[in-house]
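The listed protein sequences correspond, in order, to chains A and B.
Under our numbering, the first residue of the first sequence carries the number 4, and numbering increases by one thereafter.
Under our numbering, the first residue of the second sequence carries the number 85, and numbering increases by one thereafter.
If you are wondering where the hints come from, they were derived from the structure by calculation, not from laboratory data.
These figures come from a predicted structure and were not determined experimentally.
Keep in mind that the hints are not guaranteed to be accurate.
[What the hints assert, rightly or not] Only pairs whose alpha carbons sit at most 27 Å apart, straight line, appear in this in silico BS3-like list of lysine-lysine:
hint, chain 1, residue 1, chain 2, residue 2
1, A, K11, B, K281
2, B, K281, A, K248
3, B, K286, A, K53
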Amino acid sequence: MSKTLYDKLWENHVVHQEADGTALLYIDRHLVHEVTSPQAFEGLKLAGRKPWRVSSIVSTPDHNTPTDHWEEGIKDPISRLQVETLDANIREVGALAYFPFKDPRMGILHVVGPENGATLPGMTVVCGDSHTSTHGAFACLAHGIGTSEVEHVMATQCLVQKKSKTMLIAVEGKLGKGVTAKDVALAIIGTIGTAGGTGYAVEFGGSAIRSLSMEGRMTLCNMAIEGGARMGFVAVDDTTIEYLKGRPFSPRGETWDRAVAYWRTLHSDPGASFDRVVTLKAEDIRPQVTWGTSPEMVVGIDAVVPDPAKESDPVKREGMERALQYMGLNPNTPIAAIAIDKVFIGSCTNSRIEDLRQAAAVLKGRHVAANVKLALAVPGSGLVKRQAEEEGLDQVFRAAGFEWREPGCSMCLAMNADRLEPGERCASTSNRNFEGRQGPGGRTHLVSPAMAAAAAIAGRFADVRDIS
Amino acid sequence: MEKFVRLEGLVAPLDRSNVDTDAIIPKQFLKSIKRSGFGPNAFDEWRYMDVGQPGQDNSQRPKNPNFVLNQPRYQGAEVLLTRANFGCGSSREHAPWALLDYGFKAIIAESFADIFFNNCFKNGILPIVLPAAEIEVLFQQVEATPGYKLVVDLPAQAVVRPDGHGVPFQIDAFRKECLINGWDDIGLTLRHADKIKAFEEKRRVEQPWLFAQ
Numbered sequence: 004m005s006k007t008l009y010d011k012l013w014e015n016h017v018v019h020q021e022a023d024g025t026a027l028l029y030i031d032r033h034l035v036h037e038v039t040s041p042q043a044f045e046g047l048k049l050a051g052r053k054p055w056r057v058s059s060i061v062s063t064p065d066h067n068t069p070t071d072h073w074e075e076g077i078k079d080p081i082s083r084l085q086v087e088t089l090d091a092n093i094r095e096v097g098a099l100a101y102f103p104f105k106d107p108r109m110g111i112l113h114v115v116g117p118e119n120g121a122t123l124p125g126m127t128v129v130c131g132d133s134h135t136s137t138h139g140a141f142a143c144l145a146h147g148i149g150t151s152e153v154e155h156v157m158a159t160q161c162l163v164q165k166k167s168k169t170m171l172i173a174v175e176g177k178l179g180k181g182v183t184a185k186d187v188a189l190a191i192i193g194t195i196g197t198a199g200g201t202g203y204a205v206e207f208g209g210s211a212i213r214s215l216s217m218e219g220r221m222t223l224c225n226m227a228i229e230g231g232a233r234m235g236f237v238a239v240d241d242t243t244i245e246y247l248k249g250r251p252f253s254p255r256g257e258t259w260d261r262a263v264a265y266w267r268t269l270h271s272d273p274g275a276s277f278d279r280v281v282t283l284k285a286e287d288i289r290p291q292v293t294w295g296t297s298p299e300m301v302v303g304i305d306a307v308v309p310d311p312a313k314e315s316d317p318v319k320r321e322g323m324e325r326a327l328q329y330m331g332l333n334p335n336t337p338i339a340a341i342a343i344d345k346v347f348i349g350s351c352t353n354s355r356i357e358d359l360r361q362a363a364a365v366l367k368g369r370h371v372a373a374n375v376k377l378a379l380a381v382p383g384s385g386l387v388k389r390q391a392e393e394e395g396l397d398q399v400f401r402a403a404g405f406e407w408r409e410p411g412c413s414m415c416l417a418m419n420a421d422r423l424e425p426g427e428r429c430a431s432t433s434n435r436n437f438e439g440r441q442g443p444g445g446r447t448h449l450v451s452p453a454m455a456a457a458a459a460i461a462g463r464f465a466d467v468r469d470i471s
Numbered sequence: 085m086e087k088f089v090r091l092e093g094l095v096a097p098l099d100r101s102n103v104d105t106d107a108i109i110p111k112q113f114l115k116s117i118k119r120s121g122f123g124p125n126a127f128d129e130w131r132y133m134d135v136g137q138p139g140q141d142n143s144q145r146p147k148n149p150n151f152v153l154n155q156p157r158y159q160g161a162e163v164l165l166t167r168a169n170f171g172c173g174s175s176r177e178h179a180p181w182a183l184l185d186y187g188f189k190a191i192i193a194e195s196f197a198d199i200f201f202n203n204c205f206k207n208g209i210l211p212i213v214l215p216a217a218e219i220e221v222l223f224q225q226v227e228a229t230p231g232y233k234l235v236v237d238l239p240a241q242a243v244v245r246p247d248g249h250g251v252p253f254q255i256d257a258f259r260k261e262c263l264i265n266g267w268d269d270i271g272l273t274l275r276h277a278d279k280i281k282a283f284e285e286k287r288r289v290e291q292p293w294l295f296a297q
C-alpha cells in the first residue's frame with residue numbers, strides 16, 4: 004500500500020498502541036531551552052525520576068539572552084536566574100551537547116540543531132517551543148510540546164500521541180525573482196488561514212518546494228504552526244543529504260552510507276493519499292506583507308489594506324476592525340505607503356546564512372532611511388554570525404546603518420531588552436504579528452529578509468523586485 | 085493533577101477568535117521558573133491599563149474597565165466561553181497554568197489550537213469543542229443572563245444549560261479517563277518501561293546514527 008511520509012515516520016516510532024489509537028511514540032531528539040524546562044526538571048526531581056536518555060538532549064539558552072554587551076552578562080536578574088537554572092540542570096543531568104550563554108556555538112535552538120547535524124532525517128524531534136516544526140525540513144516528525152510533555156519525554160523518552168490527519172500543500176512552478184520561502188509560507192497561511200492546518204500533519208511538496216535550499220525549507224516548516232499545523236515536513240532529497248554531510252553530529256563512514264540508504268526512503272509513495280490537498284502556483288506568489296494581528300492577515304506588497312466593510316462574516320469583520328485599530332491603519336491604504344519605525348532581521352524563521360545574504364544583497368551600497376529609528380540584524384547562532392563575518396556581510400549591514408548583534412531570539416518575542424515601544428511599527432522577519440508580541444503596543448508586519456531590507460532603505464514597505 | 089468530573093460554574097464570555105497564548109500570558113511572565121502564580125497576569129495586556137512586570141503587586145494596577153473579565157458579574161467565573169482557534173501560537177504551558185490559576189477549569193470554544201488543547205489535559209482543564217451554532221446560543225444566553233452558570237458533566241460528555249438543554253461533546257476515551265481519575269501521564273507510560281527499553285535497543289542496532297554520544 005502507498006504510504007505518506009507521515010505514515011512512515013509515525014510507524015517507525017510506535018512503541019505501543021492502545022485500542023483507541025493512542026500510541027506511545029519514541030522520541031529521538033529533545034531540544035531544551037531555558038524558558039519551558041525549569042518546571043520539568045523540578046517535576047522530575049520531585050518525583051525522584053531520572054532522565055531516560057540524556058544523549059537525546061541538545062540544549063542552549065536563547066529566549067532570554069541579550070544580543071549586545073555580552074561582557075556585562077545578563078542584566079535582568081529574573082532572566083539571569085532562568086538561564087543559570089538551565090546551566091545547573093544540564094550540569095546535573097547531562098546532555099549530548101550544551102552550548103551555554105556566550106559559547107561560540109550558542110544560538111536559537113532551531114538554528115543550532117540542524118547546523119550541528121543534531122537534527123537528522125527520520126527523527127522525532129520535540130522541544131518546548133512551537134517552532135520545533137522547523138526541523139520538519141529534514142523529514143523529521145518535529146513539533147512543539149508543553150512543559151508537562153517536556154517532563155514526560157525526559158522521564159520516558161516517549162510521548163502519548165494520536166495520529167493526525169494528513170495534508171499535502173503543493174507549490175508548483177518557479178518562484179519569481181525576489182520571492183522567497185517566507186513569502187511562500189505567508190501566502191500559504193493567507194490561503195488556508197491561521198487554523199487551516201489544525202489537526203493535520205502537513206507535507207510540503209511540489210517543484211517550487213523541491214527547489215528550495217535547506218534554509219528555505221526550514222523557514223517554510225517553521226511557519227507551519229502559524230497555519231495551525233503542529234508539524235510540517237519536506238521529503239528527503241539530494242539537497243537534504245548534501246546539507247548534512249560532515250556536520251558535527253552527522254554519521255560518518257559506513258554508518259553514513261547506511262543512514263543515507265534509509266533516508267532516501269523518506270518520501271510519500273506515488274499514489275499515497277492525503278486527507279486534504281492544497282495546491283498553489285508559484286508564479287502567483289508575490290512578496291508578502293502582513294497588515295494585521297494574525298499571520299493570516301497578509302497581502303502582496305502591491306495590494307492595499309483590506310476593508311472590513313467588505314467582509315460578510317461578522318466575527319471575522321470584528322476581528323479585522325480590531326486588528327486595524329491596534330495596527331493604527333486605515334482600510335484601502337496601499338501597503339507601500341506604510342512607514343516603519345524599526346526593522347528586525349532575525350528569529351528562528353529567518354536568521355540563517357541565506358537570510359542574511361538575501362538582506363545584505365539588498366542593503367549593499369545603500370543606507371537605512373532617516374525615519375527608521377533602529378535596524379537590527381541578529382544572526383541565528385554563533386556559527387551563522389561567524390560565517391556571515393567571514394563573508395563580510397556584517398560590514399554590509401553596519402555600513403547600511405544596521406546594528407550587528409549577538410545571536411538569540413531577540414525581538415521576535417522581546418523577552419530580552421530588544422523590543423518595540425507602544426505604537427512603534429516594525430518590518431520584521433519573525434513569525435508572529437500578535438498584539439504585543441514584539442513589545443506591548445508594538446505593531447509587527449511580517450516580511451522576508453529581502454523585504455525587510457527594502458523597507459529599511461525606503462523607510463516604508465517597498466517592493467524588493469523594484470530594487471536591482 | 086486535580087481530578088475533573090463534574091462542574092457547575094459561572095461562565096465568562098470572551099468574544100474573540102484566534103486568542104493566542106501571548107495574549108493569555110505575555111512573555112515577561114515566562115521568566116519565572118515556577119509553575120504557579122500566573123493567574124493575576126492572565127490576559128495582562130487586555131486586563132490592565134499599564135504594562136505589567138513580574139513580581140509586581142497586581143492589586144494596585146489600573147484595570148481596563150472595558151475588558152470583559154473585569155466586569156463584576158463575571159468575577160469567580162470557572163468556565164470560559166470563546167470562539168475559534170483559542171490558544172494559538174506559542175506552546176507555552178504557562179497559558180493553561182495562568183487560566184487555571186485564575187480559576188478557569190473548563191474552556192468552551194468552537195475550536196482550539198493543537199498544542200494548547202493538549203496542554204490543558206496535562207493540567208486538569210477540560211477544553212470542550214462545540215459547534216459554532218451552539219457557541220452562538222451560549223454567548224447570547226450568557227450576555228442576557230447575569231449569574232449564568234453551565235454544568236459540565238464529563239462522564240456524560242455533556243454541557244447542560246440552565247434551561248435544561250444538554251449539548252453533547254466528544255473527547256478521547258483515554259483523555260477522559262485520565263481527567264476523571266487525575267492520573268499522572270508519566271506513571272502510566274512507565275508501566276510500558278520494558279517495551280520502551282526493547283524498542284530502544286532494537287533501534288540502536290538498526291539506526292545507530294540516532295544514538296550519537
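Checked hints:
no.	hint	in the structure
1	A/K11 with B/K281	21 Å, holds
2	B/K281 with A/K248	30 Å, violated
3	B/K286 with A/K53	22 Å, holds
The structure fails to meet hint 2 from the earlier list, while all remaining hints are met.
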